[in-house]
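Go by the hints and put chain X onto chain R.
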Amino acid sequence: MDKREKDIEKLKDYKYGFSTDIENIRAPRGLNEDVIKFISNIKKEPKWMLDFRLKAFERFKQLKEPDWQKPKYPKIDYQDLYYYSAPKSMNDKPKSLDELDPKLLETYKKLGIPLQEQARLNGIAVDAVFDSVSVATTFKDELTKQGIIFCSMSEAIQKHPDLVKKYLGTVIPTTDHFFATLNSAVFTDGSFVYIPEGIKCPMELSTYFRINASETGQFERTLIIADKGSYVSYLEGCTAPMRDENQLHAANVELIALDDAEIKYSTVQNWYPGDENGKGGIYNFVTKRGLCKGKNSKISWTQVETGSAITWKYPSCILKGDNSIGEFYSIAITNNHQKADTGTKMIHLGKNTKSKIISKGISAGFSDMTYRGLVDINSKAKNSSNYTQCDSLLMGNKCGAHTVPYIKNKNFDSNIAHEATTSKISEEQLHYCQQRGLNSEEAVGLIVNGFCKEVLQQLPMEFAVEAQKLVGISLEGSVG
Amino acid sequence: MTEQIKTDFEKIVKASAFSEKDVELKKMHLNKFLKTGFPTRKLENWKFSDLSQIIKKNIGELSFYNDYSFPNKIDTSIFVEGLEHNKIVFINGRVEKVDFTHEDHDKIEINDDFKFVNRSEDNNSLLSLNNAFTNKCYKITVKKNYSLKKPLVVYHSTSNKITSRNINLKLEFQLEQNSSLRLIDLFNDRAENNFINIFYNFDLKENAILKNYKIDKVQNKNIRYSYNNIEQDDNSVSETFILSSGSNFSKNEINCNLKGEYSSAFVNGIFSLNDGQHHEVRTIINHLVENTKSYQLIKSVLGKNSKSAYQGKIFVDSKAQKTDGYQLSKAILLDETSEFNAKPELEIYADDVKCSHGSASGSLDENSIFYLMSRGLNYQQSKELLINGFLLDVVEKITDTEIKNLVKNMIGLKE
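Chains R and X supply the protein sequences, listed in that same order.
Using the numbering used here, the letters of the first sequence correspond one by one to residues 1392 to 1871.
Using the numbering used here, the letters of the second sequence correspond one by one to residues 925 to 1339.
Only chain R is shown next, with the shape it has when bound in the complex (with noise of 0.2 Å):
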């Protein structure tokens, strides 16, 4: 098999990793003082952002990378990644989508990601991050009649400074752990939302996260902000192209539900995964965190992770207005070396508050999946409740499940009810599936996607649809 075979045969199997020729624009190698500023004058930002960065800058130098997880990983050495690459092309930013790279946009294409706006049947409104910028935002025009602001976190420093620096790091303060904290002192781009007082966003917002680049790590900020009465959802999307070095990815989100506002946030996490000796792949090392601020909020994390080398995250809600809820779904699927340590945080503090988590897990091949939670309900969080069902699902003796609750019940008025079960496919399942016809491969996604139903019926209609195709290919040849 010649060269160019081998690499078609290779995509086969994950088929984002391709990686584009785009010239590039590097900031030095390494971290420190200079790189910050570096990047926050590229980015042309303000002064108080550049004192937020160097303020968790100061913050890092003090902390020491956490070790407790049970996925361990090769020392990471931070001074050898670049904290800042971006497409040349972008250094003025284009005015409209027909000034971009057409390079870029075949890349998208390729993606399947409409960022033309002809692909307007689709109804979604896309910002795509390339590396570390930013590269296009769709449907804006649109967005701004009903006084919604979706954009680049970049431009959301330049032209809305109040709301930035009102919310920014009020979730997520720079002096919170590890990664976070790296992350405030070298984030990129990401995107801004902020839905105004009593507005429904009419569509769904979405924001594509593309790592090209290698020795680059991508560091993206997302902030969400659902003013007084409104309601969005929010999805996000992730690939990158197969390289054998490890890269990390350090993002950070914040959602703020002010009264009686609602966030629904959708993951389905692509990154590559590396390849079956696990050589390679995304660390994906993610800080994601809500605060429901205001009274009868609501914020609801819905997550497919199949992708990334080792995905270490926990999405959390701070229930802090008195009736709000917070809602955790999750499918997490590991396959071949891929290590997962995920879970959720809810954290109680109002009055009445409810919590559900539902956490699937399926680990396949010579995977390690962990689900790690915390509720906690406070002493002041009357009449609360929490409702947590965490179920694993093994396939072969040389994968592992695990689960790791913790629960803390402080106040007598309120509930904790919390299961979980490890198993597996059943054979009587199987048979009765082979039984009809179906090969063992069909008849295992067939099982697996009943096992996910609960959580993948909280996607959105189009990102469900994807992630039902990802759980099956995800676990493709992990079985017989």
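Keep in mind the hints are simulated off the structure, nothing from the lab.
Beta carbons: idealized from backbone N, C-alpha and C, even for Gly.
It is possible that some hints are incorrect.
Pairs of lysine-lysine residues, derived as BS3-like cross-links and limited to a Cα-Cα distance of at most 25 Å, are as follows [said to hold, decoys possible]: (1) Lys1736(R) / Lys1246(X); (2) Lys1815(R) / Lys1278(X); (3) Lys1557(R) / Lys1434(R); (4) Lys1815(R) / Lys1246(X).
Across the chosen pairs, the derived CB separations fall in these ranges [what the hints assert, rightly or not]: (5) Asp1458(R) / Asn1084(X): 32 to 38 Å; (6) Asp1458(R) / Glu948(X): 33 to 39 Å; (7) Tyr1250(X) / Gly1669(R): 55 to 61 Å; (8) Glu1326(X) / Asn1774(R): 40 to 46 Å; (9) Ser1292(X) / Ser1770(R): 20 to 26 Å; (10) Lys1789(R) / Asp1317(X): 36 to 42 Å.
For chain X alone, coordinates are given in the frame of chain R:
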């Protein structure tokens, strides 16, 4: 603390007739303990109870020296009445009496010079402390095919003279093939503000049956730590019941290695706490081979200012197919100052297993109280009835009728 512990250690070495080799070994353990000190919240296993802080707050400075040269007088009033039994009596950590009058003497072997070796949890600093300071370790072997006719009661008591002391004791049990032992640990303390550190090691051979009942019922102001290590061969059964209610602070750890096929382990526990008490149970059940089974049920009733924690872990090795593991923890919080923490953990590497856990906590069900009150009970009675029913469920799991009745009488549960 470091100076105190070193001088106390020297004193002990001088007073006793340890061989040079023993002293060396003890020194090694002492240094191991000194390296880490008492466990703090930073250790995952002590996340819910910071022992270092608890000792500091309740006792202050501990002294580690205990004079074991003179026997203590045994207060016979502590003996259980209405139950014929064998006895081991500890007073202030010194064995005062070993009495197996009800048994065939050639079937039981008692060795009082046993060198205690613990196979697992080598980094447990409290074990190092225990190894450094216990003066004598008894090993009790139950011979092949012998079942003790009467239960063995181990009395743990202290005289009221001592305070702010660290007391260490340990026992080693070996149950040979087809043997069985019923063991009751009865805690009866006169002294206050001491830290009591207990290690047990059980070695269960094929078909052996161990039933261990740990009863901490009498109110006392001591801090207690107890660790059971249980090794199990084919077909062996271990049953552990914990009644955790008397001490100010108490932590029971059960580490169980299911090494033989068809072996099974049961851990059941009751926490009934009040007034600033803080108790914890931590279990680790290691399923290492095929066809093993474990079952755990822990229930708490928490009054004013009390706190209970349950950390349970089921580990299933990749070889241990067909494992059946179950954990359930439930808590009733009676007051706004009570707190319940749980960490029911599963770590599974085999696919053909049935493992599940459940945890629930909340207040008493108002509807049930209403139901009972509408049938003529007053509020207090209804509450008691519901709590009794809640706890009775665990007591009913005790497989030995004689002891079940004893426990029921002790905690005043009626059917």
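Taking the hints in turn, this is what the structure says about them:
Straight-line distance between C-alpha atoms of Lys1736(R) and Lys1246(X) comes to about 32 Å, which puts the hinted pair past the 25 Å bound. For the given pair, Lys1815(R) sits about 8 Å from Lys1278(X) by alpha-carbon distance, which is consistent with the 25 Å threshold. Distance check on the hinted pair: Lys1557(R) and Lys1434(R) sit about 20 Å apart at the alpha-carbon level, within 25 Å; holds. Between Lys1815(R) and Lys1246(X) the alpha-carbon distance is near 11 Å, which keeps this suggested pair within the 25 Å criterion.
Restraint check, Asp1458(R) to Asn1084(X): a C-beta distance of roughly 47 Å breaks the suggested window 32 to 38 Å. The given range of 33 to 39 Å is respected by Asp1458(R) and Glu948(X), whose C-beta atoms sit roughly 34 Å from each other. Distance hint for Tyr1250(X) and Gly1669(R): a CB-CB separation of about 34 Å, inconsistent with the stated range 55 to 61 Å. Hint check: Glu1326(X) to Asn1774(R), Cβ distance near 45 Å, so the stated range 40 to 46 Å holds.
Checked against the hint of 20 to 26 Å, the pair Ser1292(X) and Ser1770(R) passes, with Cβ atoms roughly 24 Å apart. Range check, Lys1789(R) to Asp1317(X): about 39 Å between beta-carbon atoms, so the 36 to 42 Å window is met.
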